[in-house]
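Model the full structure from these sequences, guided by the hints.
Per our numbering: the sequence shown = residues 864 to 1167.
Derived by calculation from the structure, the hints in this document are not laboratory data. The beta-carbon is built from N, C-alpha and C at its ideal position, and this holds for glycine as well. Incorrect hints may have been included.
Computed list of lysine to aspartate or glutamate pairs in DMTMM-like fashion (alpha-carbon distance at most 25 Å, straight line) [stated by the list, open to error]:
1) K1116 - E962
2) K1165 - D1037
3) K935 - E895
4) K970 - E945
5) K868 - D897
6) K1033 - E909
7) K1064 - E980
8) K898 - D927
9) K983 - D927
10) K970 - D900
11) K1001 - E1056
12) K976 - E962
13) K892 - E870
14) K1042 - E1054
15) K938 - E878
16) K938 - E895
17) K898 - E909
18) K1033 - E1054
19) K1034 - E1056
20) K1116 - E1086
21) K938 - E913
22) K868 - D900
23) K997 - D927
24) K1156 - D1065
25) K997 - D916
26) K1001 - E895
27) K970 - E980
28) K892 - E951
29) K868 - E895
30) K938 - D900
31) K868 - D907
32) K1033 - E1018
33) K1033 - D1067
34) K935 - D897
Label pairs and their in silico Cβ distance ranges [what the hints assert, rightly or not]:
35) E895 - N1000: 39 to 45 Å
36) G1088 - G874: 30 to 36 Å
37) D907 - D954: 25 to 31 Å
38) S1079 - H1123: 40 to 46 Å
39) D897 - A1117: 20 to 26 Å
40) S1167 - E909: 34 to 40 Å
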Amino acid sequence: MEGIKTELGLGTIRELRSRFIGGCINRAKAYETDKYDIFVKFNDNEKAQEMFDGEFASLQALLDTNTIRVPKPIKVFSVNGERCLAMEFIDMRGPSNSEKLGTSIAKLHLHNKSLMEASKNSESTIGGIDKQPKPINKFGFHTLTYSGYCPLINEWSDNWVEFYSQNRLKKVIDIIVEKTGDRELLTLWPELERKIPEYFKDCDIYPCLLHGDLWSGNYSFTEDGPVVFDPASFYGHSEYEFGILTMFGGFDKAFHTAYHKMIPQTAGFTQRVLLYQLFHHLNHWNHFGAGYKPSALNLMRKLS
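Okay, here's the thing in structure tokens:
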């Protein structure tokens, strides 16, 4: 704890033992300090620096939208050979409010669009001064992020279909093939790759800031409303969020109704969500083994 105390310039620090938390990727602990309560993740993997840098950037980007609560990131640093990510500790023991969660996620997805529209209006006003944050007009993110230990390539692109196909699906497929040499995966991918553009015909896509890993384990509630955490953010198609969201469930009808009241479903939504689910089935195959292989290959056959 002394290392954390020094890095964060704290006077006192005490572990909150009842709040010891961890996941399948990182260790984590909560601490009470003289300044504020903090939550710290620990990881000694060689990728931990990039992982935590990406999560810090993701949290900050989400925080800056002022659409949904996230833990405020504090610092990435090293203690005793481990990389650490310190952030605000939030007491997440509030009542569930699925409707407010759905509305908040929709507001997040609409935030960049509103900036784009405001920017256009400002340009059309002679002598106008645009004090709004600048919109993002491409797909991607300014830094590498991670889904577990899988690096997510976020190089900026004007083409969403190409971005998703190459920077998400192909990247994780290449990793699996390198590990396993799976021949059926090698055979199915070129067939699906050719068909992917068909799922986006007449689909109006604009860059939205995404949480990027929004499953039921990555949201909760405070007394004031929903809070999301553990993001892998980037600017992408709003429907991408529904890949992991629908893969494991945990989002009820009230959530979906509230969300789609603000962002209505468009033609082909259901099939595109399956296409977005595919990345997560493949990523889980990569992380957790061949138990996810059948579901990944079945989805590829269904979509090809």
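Hints versus structure:
1. Proximity of K1116 to E962 is assessed by CA-CA distance (about 9 Å); at most 25 Å being required, the pair is judged to hold.
2. Distance restraint check for K1165 and D1037: the Cα-Cα separation of roughly 20 Å lies within the 25 Å cut-off, and the hinted pair is therefore satisfied.
3. With a CA separation close to 16 Å, the supplied pair K935 and E895 stays within the 25 Å bound.
4. A hinted pair counts as satisfied when its Cα atoms are at most 25 Å apart, and K970 with E945 does not qualify at roughly 36 Å.
5. Taking the CA atoms of K868 and D897, the gap is near 10 Å; set against the 25 Å cutoff, the hint holds.
6. The suggested pairing of K1033 with E909 holds, with an alpha-carbon distance near 23 Å, which does not exceed 25 Å.
7. For the hint pairing K1064 with E980, the CA-to-CA distance comes to about 24 Å; that is within 25 Å, so the pair holds.
8. Our distance criterion of 25 Å between C-alpha atoms is met by K898 and D927, whose separation comes to about 22 Å.
9. Under the criterion of a C-alpha separation no larger than 25 Å, the hint pairing K983 with D927 is consistent with the structure, at around 21 Å.
10. At roughly 28 Å between alpha-carbon atoms, K970 and D900 are farther apart than 25 Å, so this suggested pair is violated.
11. Under the criterion of a C-alpha separation no larger than 25 Å, the hint pairing K1001 with E1056 is consistent with the structure, at around 22 Å.
12. Taking the CA atoms of K976 and E962, the gap is near 22 Å; set against the 25 Å cutoff, the hint holds.
13. For a cut-off of 25 Å, the pair hint linking K892 to E870 stands: about 16 Å separates their Cα positions.
14. The straight-line distance between the Cα atoms of K1042 and E1054 is roughly 21 Å, inside the 25 Å bound, and the hint therefore holds.
15. Annotation: proposed proximity of K938 to E878 holds, straight-line Cα distance about 18 Å (limit 25 Å).
16. Restraint check: the Cα-Cα separation between K938 and E895 comes to about 16 Å, which is no more than 25 Å; the hinted pair holds.
17. For a cut-off of 25 Å, the pair hint linking K898 to E909 is broken: about 31 Å separates their Cα positions.
18. Between the alpha carbons of K1033 and E1054 the distance comes to roughly 13 Å, so the proposed pair stays at or under 25 Å and holds.
19. This hinted pair checks out: K1034 and E1056 have alpha carbons roughly 13 Å apart, not beyond 25 Å.
20. Proposed proximity of K1116 and E1086 is supported: the alpha carbons are some 22 Å apart, at most 25 Å.
21. At roughly 13 Å between alpha-carbon atoms, K938 and E913 fall within 25 Å of each other, so this suggested pair holds.
22. A distance of roughly 12 Å separates the Cα atoms of K868 and D900; the hinted pair therefore holds under the 25 Å criterion.
23. Straight-line distance between C-alpha atoms of K997 and D927 comes to about 12 Å, which keeps the hinted pair within the 25 Å bound.
24. For the proposed pair K1156 and D1065, the alpha carbon gap of about 32 Å is over 25 Å, so the pair is violated.
25. At most 25 Å may separate the alpha-carbon atoms for a hinted pair to count; K997 and D916 meet this at roughly 22 Å.
26. Between K1001 and E895, the direct Cα distance comes to roughly 41 Å. Violation of the 25 Å bound is thereby established for this hinted pair.
27. Restraint check for K970 and E980: satisfied, since their Cα atoms lie roughly 15 Å apart, inside the 25 Å limit.
28. Pair hint K892 plus E951 holds up; C-alpha atoms about 12 Å apart against a cutoff of 25 Å.
29. Taken as a hint, the K868 and E895 pair is honoured in the structure, with Cα atoms around 11 Å apart against an allowance of 25 Å.
30. Pair hint K938 plus D900 holds up; C-alpha atoms about 14 Å apart against a cutoff of 25 Å.
31. At roughly 19 Å between alpha-carbon atoms, K868 and D907 fall within 25 Å of each other, so this suggested pair holds.
32. Taking the CA atoms of K1033 and E1018, the gap is about 14 Å. The hint holds against a cut of 25 Å.
33. With a C-alpha separation of about 23 Å, the suggested pair K1033 and D1067 falls inside the 25 Å cut-off, and the hint holds.
34. Between the alpha carbons of K935 and D897 the distance comes to roughly 17 Å, so the proposed pair stays at or under 25 Å and holds.
35. Taken as a hint, the range 39 to 45 Å holds for the pair E895 and N1000, whose Cβ atoms sit roughly 43 Å apart.
36. The hint said 30 to 36 Å for the Cβ distance between G1088 and G874, and at roughly 32 Å that hint holds.
37. Range check, D907 to D954: about 28 Å between beta-carbon atoms, so the 25 to 31 Å window is met.
38. A beta carbon spacing of about 18 Å between S1079 and H1123 contradicts the range 40 to 46 Å that was offered as a hint.
39. Between D897 and A1117 the beta carbons are some 41 Å apart, a value that contradicts the proposed interval 20 to 26 Å.
40. A hinted range of 34 to 40 Å holds for the C-beta pair S1167 and E909, which are about 36 Å apart.
Consistency note: the structure conflicts with the earlier hints numbered 4, 10, 17, 24, 26, 38, 39.
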